[in-house]
Amino acid sequence: MALMNMVSALNLALNEALAEDDRVVLLGEDIGQDEGVFRVTAGLMDKYGQDRVIDTPLAEAAIIGGSVGMALYGLKPVSEMQFSGFAYQGFHQVEQHVSRFRNRTRGRFNLPMVIRMPYGGGIRAIEHHSESREAYYAHTPGLHVVIPSGPRNARALLLASIRDPDPVIFYEPKALYRAFKEQVPDEPETMPIGVAQVVREGTDLTIISYGAMMRPVLEAADELADTDGVSVEVVDLLSVSPLDTETITGSVAKTGRAVIVHEAPRRCGIGAEVIARIVEKSLVYLEAPIRRITGFDVQFPFFARERAYLPSMERITHAARDVLAF
Amino acid sequence: MALMNMVSALNLALNEALAEDDRVVLLGEDIGQDEGVFRVTAGLMDKYGQDRVIDTPLAEAAIIGGSVGMALYGLKPVSEMQFSGFAYQGFHQVEQHVSRFRNRTRGRFNLPMVIRMPYGGGIRAIEHHSESREAYYAHTPGLHVVIPSGPRNARALLLASIRDPDPVIFYEPKALYRAFKEQVPDEPETMPIGVAQVVREGTDLTIISYGAMMRPVLEAADELADTDGVSVEVVDLLSVSPLDTETITGSVAKTGRAVIVHEAPRRCGIGAEVIARIVEKSLVYLEAPIRRITGFDVQFPFFARERAYLPSMERITHAARDVLAF
Amino acid sequence: MSVGLPWQAKPLDRIGRAFAVPRKAIKIKPKVEWLSILAGDGKVDESLDPKLDADRSIYLYRLMLMARRLDERCIILQRQGRIGTYGPCRGQEAAHCASTIVMDREDWVVPTYREPGSFYHRGWPLETVLQFWGGFEEGCRPPEGVHDTPIAVPIATQALHAMGLAWAMKLRGDRHAVLCYCGDGSTSEGDFHEALNFAGVYRLPVVFFVQNNQWAISLPRAKQTASETIAQKALAYGFDGLQLDGNDPLAVYVGTTEAVERAKSGGGPTLIEAVTYRMSVHTTADDPTKYRSKEEVETWEKLDPIPRYQKYLLGRGILDPKRIEEIEADVLAELAAAVVRYEENQNADPLDCFKYLYAEPSAELEQQRKEFQTALEREGMIEKQEPRMAQQRS
Amino acid sequence: MSVGLPWQAKPLDRIGRAFAVPRKAIKIKPKVEWLSILAGDGKVDESLDPKLDADRSIYLYRLMLMARRLDERCIILQRQGRIGTYGPCRGQEAAHCASTIVMDREDWVVPTYREPGSFYHRGWPLETVLQFWGGFEEGCRPPEGVHDTPIAVPIATQALHAMGLAWAMKLRGDRHAVLCYCGDGSTSEGDFHEALNFAGVYRLPVVFFVQNNQWAISLPRAKQTASETIAQKALAYGFDGLQLDGNDPLAVYVGTTEAVERAKSGGGPTLIEAVTYRMSVHTTADDPTKYRSKEEVETWEKLDPIPRYQKYLLGRGILDPKRIEEIEADVLAELAAAVVRYEENQNADPLDCFKYLYAEPSAELEQQRKEFQTALEREGMIEKQEPRMAQQRS
Ligand SMILES: Cc1ncc(C[n+]2csc(CCOP(=O)(O)OP(=O)(O)O)c2C)c(N)n1
Ligand SMILES: Cc1ncc(C[n+]2csc(CCOP(=O)(O)OP(=O)(O)O)c2C)c(N)n1
Ligand SMILES: [Mg+2]
Ligand SMILES: [Mg+2]
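Residue numbers (numbering that gives the first Met the number 0), protein chains in the order written: chain A, 0 to 325; chain B, 0 to 325; chain C, 0 to 393; chain D, 0 to 393.
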């Protein structure tokens, strides 16, 4: 076990993947010499050389489309989009090819590739550096979309993603990169993709979230327990595609009440899908309307306005109390 | 009034827009000399010349990004993506600029532009020619996403979209292009964007849909009335962003039961959002789980398998009976 | 000193002098050349003729003929509703066949949608071409041992895959190469640019083979780009461009061989522009009379690669009329058999769309698959596959 | 004849002959040139010197100085936490200032994020630059009468807007032009390619001005593209490329003037590569010691455009030490006032994110706005704005 932040944990997973499988290559803008703008790839080019950790020209479609070609040839490319807000430059490659090659070729070719991208607000960054658009990828069949929430699961999920034979969008909550440390096992550890975790058990209300929002959610759960004596169950999705319906609906069947929290815009977001699944499977258990505490259907504000904008502990506890009082 | 199919109705709206406002320009691949691969722009280059109806090179980002520049200068570009499946080549321009310019410049610049794109299955086309991905756009703040369902509303909504000061994604159900004819008024007619229509009143169940799926939905409503004596209310969304919450929740508050139908994949689709809104506003009226009859979270199959794949009248009536029997 | 725009306050006194002054011209190192061996009028540049032996000459002739007959057959099948929309390669047989045959088995060929001869040559069963246009995913499944990519529909996107394949080869130290097809229209897309730029930066073993067939649906080549040749676009990426007569199988073969050799020997990428012509419709859904003249088509018909090559081979004594007949009959018979195989294997299970999406289907997908299966059974679209009781209605 | 790969069965007898044979070299019409007037060593090419009058010379000098001092001030403000991450333009003042001043009021300037002098010259209040980096959308709002686009963050995307603006000008018959800035890194993006290609096809009045500052964050120019110059990329689009000394304000001014004149007189686009250097960090979040040497930076510091221009103007008698002092003081005072204005106007209403999204907010958005407002009021982030009773809790 070693205490580390998420950046180090991701670095550890990349290091392990590079060491265990010589087909793994990393590529992206400024990931080599510069070690990544967030230093996630620190030390890796030095250790594995320029043919395993590759600095690319500035072109996201080429990074993604090039990864497709590499994966077809049998490599396992792990690419980095410098920010998720610039991944749309290669979105056509994701929709038209990354997500389709296995199905299109009836299983003849699979694409063992991972596209890492830092997402989300809260780091006082300029425009296009703060959005959350996981729903685009979750709505695209043929991908896995994984979103860790802490150093330990970040490492385990990234390693699992690299080992997975299918393409994974690995959406990294950059607000958590250096937010806190956790004990991370020394031996390579993985977690299954598509399995949500009940990170706190409770009986009165379920709060469902993922990524950077897990922090205010857990604070809210504490606050509700301490102040209101309410027993909150908290579900960390960890993957929004696949979405772990059983864990979600099972929890709500128990508590009868739910609040969903994410930073991304509300319309057609993950929250909508979670509600739909609850209604489809657990409507009879539902004792109150489900509330969504999410980003609004507006552009993520520039950073002077972001603190006010982001879902906060207060907003979550308030919604929870509303739902509990229904 | 004149009887026409949707292609002619769209052509009429474009013709009217070009005639009434010399800032309107059309641009796209093969829209001029060739009159569009679906002939939606038939006769327009002849009538308005090559400076108003422009054949472009093969580059979707340039068509969309160029339209942004034109709109900034004061023109009203109406561009065509040959198929919605190729619009992702310009998706970054949509996410990063089309949707943001008004907000970014605090209202100083607006982008009066329309991006037309044929979408959806059912025309026996090759790969990438049959998808529905309206949820990508609906999830993107700053856009309107309009989806007509017949010749008359296609004409009225397209004209309204071109007159609108903000960007509109105009998603055309190509399966309906020549599927049926309607009386379309001779005088320019518009409809408000963001207002759903109750196209059939009923009391037992609400079916909510839009675009090409309105046809099997209306057949299903007939079938349910004729065979089961059930009174079905049918809501045609017409716009998925904005989404007309009042009309949806109002109808379900009345009927207590709902089925939602779309071709697009299910996860984070419009159906999920519609369910979420119903739960948020009308949960207490809900007498049964809401069913989604939609595309699955798989790639749209090549056309030999598409008839079996697409939501059908039978599948809709079956779901409706399930919901009614709950 | 006040803020504002003092500069613009007075009209600019443009420094007209600057227009006329001499500057240092910059010399561009990579070269752009033109290659033609078997000219349109049948004249051969003997000094360049690769003089392929009889077997290979006939192989290439037959391959081009197969592409032509397959094409013709597909148009008929489309009219009969036995396949869907079809995009013919008529006129481009030399361009794609004489280049594909340069590639070794371990090389990769990355096609677009106008290279049926390439699939055939590389070992895809002929009926896969029919399957693709017939609406079956099976047409995108390379047989074991063949590792080319399937038809790529979104224009220019495959150029990045070709680049990535070549990148992987180079990283692995494999002495293979990639041949990537695309059209003149594709050169306008961002992906084309990014692919060539990366290929140049990493000096990748890839040949970008642009079939400039003069049209991108209705847009003529001249309106696609103001660049006089497509070949010269290579200069933007620091490597050589070669423009060649794409209806001349000898030039195509020689030019491609040279580029592939260069790629394999570490010399980096080449951009080849094969000047050819789409003699037929864009696809069977297209009406080219709306945008191009009969005269233009007729001019190009005179440059048809197949009669041109036939005449050349007759001249060299490699073909004779009897042999031509035999090959024709042989091609048609093989084709007929493929059509039969295509039509005898059309039981497309709609549930397959769940089968190949992931290595392991997730629980939610499995749930959806069951929902679909139940519906299909109920609607009589598939036979009941397992006892209903066990299954939960979602 | 059997199906399969007979061709590959035997090893290919590559036709080595073909390598050596002469082909017809293709002559490329557009030209690529190099321009320098005020050399790094201070020597002036008198025959090319535009000999700007004193007012204009001083205006340009002051503008460059303003850009430099603003830059320095922003780095301090960033360190003090009074703005966020900042991307300096140090070293690139000649490149952007001496080109922007060529544009008329009705022309459009389309910047990226390293042209603070352009905003200032064009009439944006100085504090808008601070607002942008300070996290306020207000920094993206051009004042009335100024119609430049705001800072564009996603690399190369603005090149398409510039192209579209020029397209609109041409369609409208307006004799204006567009000046579009981008970086060396931007030339790798698909958008750059598509913009130049459309500009070439329609012969649009646009000048693409690439500030080749040798680095794209940590990637050196040589690894960005294998093209020897960026200027020669114009050849791919059928127009001229001009490489010039970007630290030479005279060359920048003359070269840009010529390109803009050509654009306005219907001669179409030009690609200018201004060879310059990012003397500072990429942004304040960057540590360039990881990827470049002190020696490299020192070499370029000797080519700093501001001392170079100052020396030139001293030599021409347009500046003298006293005047230099005055300008310096004047610039600093103006800057100080702008910082004060910036800091006095920081009441960013979080509800504004709903205000400017559409001309007419939809009912659903209005509902969300109310939800947000209620939350902000509850959390004490804004003052209560209207009686609560009227409002429905969603
Ligand atoms: C990204 C994308 N945009 C649009 C289309 C529609 N489309 C299919 S073929 C074609 C023209 C292609 O021209 P070219 O590259 O010259 O190839 P050719 O068809 O002439 O062989 C177009 C516009 C597409 N398939 N992909
Ligand atoms: C599409 C996109 N990808 C990545 C980034 C992140 N990024 C910001 S600046 C930069 C380097 C840009 O280099 P260059 O174009 O040379 O401009 P310079 O910063 O040197 O002025 C990168 C990669 C971005 N802003 N946009
Ligand atoms: Mg073509
Ligand atoms: Mg740079």
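The hints are simulated quantities; they were obtained by calculation from the structure and are not laboratory data. Fair warning: there could be bad hints in the mix.
[To be verified] List time: in silico DSS-like cross-link candidates among lysine-lysine, alpha-carbon distance up to 30 Å:
1. C:Lys222 to D:Lys289
2. B:Lys46 to A:Lys280
3. C:Lys30 to D:Lys169
4. D:Lys169 to C:Lys169
5. D:Lys28 to C:Lys222
6. C:Lys23 to D:Lys369
[Claimed, not checked] Which chain C residues stay away from chain A? Per the calculated CB distances, all over 12 Å, these:
7. Glu137
8. Lys169
9. Gln366
[Claimed, not checked] Interface residues of chain D toward chain B, partial, derived using beta-carbon atoms under 10 Å:
10. Cys139
11. Pro149
12. Phe197
13. Val200
14. Cys352
15. Ala362
Heads up, the beta-carbon is just placed ideally off N, CA and C, and yes, glycines get one too.
How the hints compare with the structure:
no., hint, result
1, C:Lys222 to D:Lys289, "46 Å, violated"
2, B:Lys46 to A:Lys280, "57 Å, violated"
3, C:Lys30 to D:Lys169, "34 Å, violated"
4, D:Lys169 to C:Lys169, "46 Å, violated"
5, D:Lys28 to C:Lys222, "18 Å, holds"
6, C:Lys23 to D:Lys369, "64 Å, violated"
7, Glu137, "6 Å, violated"
8, Lys169, "9 Å, violated"
9, Gln366, "7 Å, violated"
10, Cys139, "5 Å, holds"
11, Pro149, "6 Å, holds"
12, Phe197, "5 Å, holds"
13, Val200, "6 Å, holds"
14, Cys352, "7 Å, holds"
15, Ala362, "7 Å, holds"
Taken one by one, the earlier hints fail for this structure at numbers 1, 2, 3, 4, 6, 7, 8, 9, listed in ascending order.
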